[in-house]
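Trainee: Given next are the chains, with one letter for each unit.
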Amino acid sequence: MSDSTSPSKRRTLQMLLSAGGTALLAAIAYPVIAYLKPPKLSGQSVSSVGLGAVDEYAPASATLFRFGEKPGLLMRYQDGSFRAFSATCTHLDCTVQYREDMGIIWCACHNGKYDLEGRNIEGPPPKPLDEFTVIVKDGEVHVTES
Amino acid sequence: MELFTSLRGWLDERVDLEGLAALARKKTVPSHRHSIWYYFGGVTLFLFIIQVCSGILLLFYYRPGEDTAFESIRFLMSKVQFGWLMRSIHSWSANLMVLAAAIHMFSVFLTKAYRKPREITWVSGVLLFYLTLAFGFSGYLLPWNELAFFATKVGTDIAGSVPFVGGAMLELLRGGEQVTGATLSRFFGFHVALFPAIFTVLLAVHLIMVQRQGMSTPIGHEKSSEETPMPFFPNFVLRDVLLWLIVLNILAVLAVFFPWELGVKADPFAAAPAGITPEWYFLFMFQVLKLLPSHVLFLEGEVFGVLVFGIAMALWTVIPFFDRKSQRGQQGRFFTYVGIAVIVFILFFTILGWVML
Amino acid sequence: MKYLSLLFSGIMLCSFVGTAAAQDRQDECYACHASMEDDASQAFATDVHRNGGLTCASCHGGDASLDDMDEGMSSARGFKGVPAGKAISATCGGCHDDKERMGALGFDGTTGQLTALRNSAHSRGSGATASPLMECTHCHGAHGIRPARDPASRVSRRNVVALCSSCHDNPRYMQQYNPSLPTDQLAKYRTSVHGQRNARGDSRAAACPDCHMAHEIRPASAASSSVNAMNIPMTCGKCHGDAKYMEPYGIPTNQLALFRGSVHGKSLLEKRDVSAPSCNDCHGNHGAAPPNVESIGNVCGTCHALNAELFRASRHAVEFEKAGYPECETCHGNHDVRPATAELLALGAGSLCGSCHSTENAPEGFRAAKVMHVLLDSLRNTVALAERRIDDAEQKGMEIEDVRFSLRDARQARLQARTAVHAFSVEKFSEVLDPGLLIARQALIDAEAANDDYYFRRSGLAIATLIITVTVILLFLYIRRIEQQQRSRKQAVS
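Chains as they are written, first to last, in our numbering: chain A, 141 to 286; chain B, 860 to 1216; chain C, 962 to 1455.
Isolated chain A (complex conformation) (with noise of 0.2 angstroms):
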């Protein structure tokens, strides 16, 4: 055990801890990282949602209404048809409303606008509102995932 055989030794021993040590951290890094993902809440996600009598909604009218937990836009057309999209623009993360004065769907965030089939028609929303089905069954609206 005389110095002169250490250099290696040392270095090999330095080595070693070195590599414990690293090890050491990610061994407590991994719980903690892992720790702050929020877990996924199951049982949340909505596939459907009831929203009512088809009285409830007057023709050319528009009703936002909750899909989970984001939101959804109720469209009543002057035939008394329905579509239903989703109410988040497809630019940023707003919601959009229905704007009767002008005839479109409009998002106040940044002045984009859609038709009243949800095509993006102006401004910065790079593609169409995304759509649900509407199911009218025994006077019912039933608003699903398409």
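One thing to keep in mind: the hints can contain errors.
Straight line, CA to CA, 27 angstroms or less: simulated DSS-like cross-link-like pairs of lysine-lysine [stated by the list, open to error]:
| id | chain 1 | residue 1 | chain 2 | residue 2 |
| --- | --- | --- | --- | --- |
| 1 | B | Lys-938 | C | Lys-1357 |
| 2 | B | Lys-1124 | A | Lys-180 |
| 3 | C | Lys-1451 | A | Lys-149 |
| 4 | B | Lys-886 | C | Lys-1451 |
| 5 | B | Lys-1124 | C | Lys-1357 |
| 6 | C | Lys-1041 | C | Lys-1060 |
| 7 | C | Lys-1227 | C | Lys-1199 |
| 8 | A | Lys-177 | B | Lys-938 |
| 9 | B | Lys-938 | A | Lys-180 |
Simulated from the structure, these hints should not be mistaken for lab results.
Starting from the structure of chain A, add chains B and C where the hints point.
Mentor: The following block gives chains B and C in isolation, referenced to the frame of chain A:
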């Protein structure tokens, strides 16, 4: 390498790194047969750091409030990855910290390390210890489970029996006359804001004093050059780290094999469950109060007990000013016997409380 | 009014009874009163007690052997006159409540009637004096008493119905004592099989005392009453379970035995759950009759409302009516209703659905039964498995309470699905069952995950501990090396 050197130079110009390094090189730790006790301060500090880290992590998910506290902890333990680990670590580390701090304190007492010129270190240290207990007491309630609820009820009730100021203290602690959601809010405030703030200041004083004055050498060992003092860096620091790693290992095993249970949600209108006990470090006080006769002198037993404990704790804090002999650097047996008596008293009633559960 | 007059001429049995000498003596009281042709003596002529050797003095006191009226009816001779109030029944009870005495007189029949009467609803105190409502003579009369088996007796099966209803059929009268008690018992009884046979003179068909007891009559709410829900099966079974007794009627006598083994019988008699039906809940009590084929659904439907509703809207309702099958009974039986398990939907040989539905004949129903059976079974098994895995995980100390809680919904879905079977439509059934199956499957997945997590924790710990331990050892070696170097350097310097 170049970058490292220049960064070092940049820092050196501003904070005098070289001075600090010189200080570290020069610093030594006395080496004698009582040296082992020096490590418990470091262990306590390590556990405190763990408490801070795990506490911050717990705060990411904990939601104080009567309707959310229990639920959020349950969510943490069942849904969040490693949530159970964080909570178990926090709880176990709290208990180990009390234990380490107690060992540290009594070892300092018995080696008379509190003597002049280290009175400030002792007083700040004892206050830190009391604060550690307060941390434990306030943190115990936060999961808002049945056992914690009733333990808090009993604990604050004892505070309420202090003469004259008891009633006001009770209301201050509980945020009302009863233990309710308001108490939970308060305890949360104490636990994560008020106590940490005070603790930090006291800890800073404590550590600065230790660094300024170095370790105390027990009376009778100063002159004995049987062993040369140990360099603080790297010898002592590496030993410290070694011990910390062992403690971390123990902590991990405890957390996995004995995960902290959550129990049932507190219901203020339910009857108290059987077997409510305080945390083990309050057990001896609880046991003594239980055993006191209903009247001592002209006082109620409980009031008497609380007064005696209060006075004893205050005296304990200022003990360096009474121990004249050690101030003069002379060995005295009296305070050694006092320390041993206190340890025996605490051990006896803790064991008694344990047995009589 | 006749009874009242009888009451005033009360009777008393006293110490003369049992002495052989008394029977030999002539009854001078009777001789004289009979010559006066008064009501009491005329009735007494056929009284069972006179035939048994009792005299007027046995009840009224005095000395019946003396022909001097004044002396025979003097208080010195123990004459008591007409007993009134409690004294009436005390007089009767002097013998009839004394087993030894009745035995000495050669009777081995029932004694203790007075005690029984005093324990009955009829002895409830009334008015300021709190005297009992009824005495022996109210039912038995005073001087023309005949044994109950004598058809002419007021308390024979033929007459007792009229006797009881003389009060109980009178709302005005009953109001004074128990306003909440119905007074339609007689009308209902006349519609029942018992009542109709009784009216035709069948002396074996049940009359009031057969169910309510003769003396110890208690309200149905009392646990010891013969007509308390819990005791009714035994009360009815006394006759209906007696093959010999029921022989002339040619009806089965196994109802009680079957009922005891049924889900209803077990709930009522073993679990003592009084919400479970007793005999009368289906058959009626005073109007006891078997429910008709078309009314069974209504009878069961009083409790199993949703099942009945679904059934009536189902295809089976139509088909069963065409075929003349009793609604619920066709599948569930009557007295021996078994707990409804998924096995009811089984299709094998001798099974329920399979007895009508097969792949050739009615394949649609066959398929429906199969699907429902499989789904119910799978839900039950999934829930049971999930529960086991949750237990496992909890035993390992995993926090899994919320998963256990979510299983409640699955269990509820299973209960609802069992009801939904009665619509006999796979679509409607699945609407109820599928969400439950989803929940149960998710719970199972979560429970498995918790169990896996346990092992993950252990192995994670093993890795972490290994890393820490190795680092500790390396650090230890490193420290030792450094200190060796320090020491050798110092030696070199010195």
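Trainee: Work down the list of hints and note, for each, if the structure agrees.
Mentor: Against the structure, the hints:
For the hint linking B/Lys-938 to C/Lys-1357, the alpha-carbon distance of about 16 angstroms falls within 27 angstroms, and the restraint holds. Proposed proximity of B/Lys-1124 and A/Lys-180 is supported: the alpha carbons are some 24 angstroms apart, at most 27 angstroms. For the suggested pair C/Lys-1451 and A/Lys-149, the alpha carbons sit about 21 angstroms apart, so the restraint of at most 27 angstroms is met. Between the alpha carbons of B/Lys-886 and C/Lys-1451 the distance comes to roughly 18 angstroms, so the proposed pair stays at or under 27 angstroms and holds.
Only pairs whose Cα atoms come within 27 angstroms are accepted, and B/Lys-1124 paired with C/Lys-1357 is accepted, the gap being roughly 20 angstroms. For the suggested pair C/Lys-1041 and C/Lys-1060, the alpha carbons sit about 25 angstroms apart, so the restraint of at most 27 angstroms is met. Proximity of C/Lys-1227 to C/Lys-1199 is assessed by CA-CA distance (about 19 angstroms); at most 27 angstroms being required, the pair is judged to hold. Proposed proximity of A/Lys-177 and B/Lys-938 is supported: the alpha carbons are some 11 angstroms apart, at most 27 angstroms.
For the hint linking B/Lys-938 to A/Lys-180, the alpha-carbon distance of about 8 angstroms falls within 27 angstroms, and the restraint holds.
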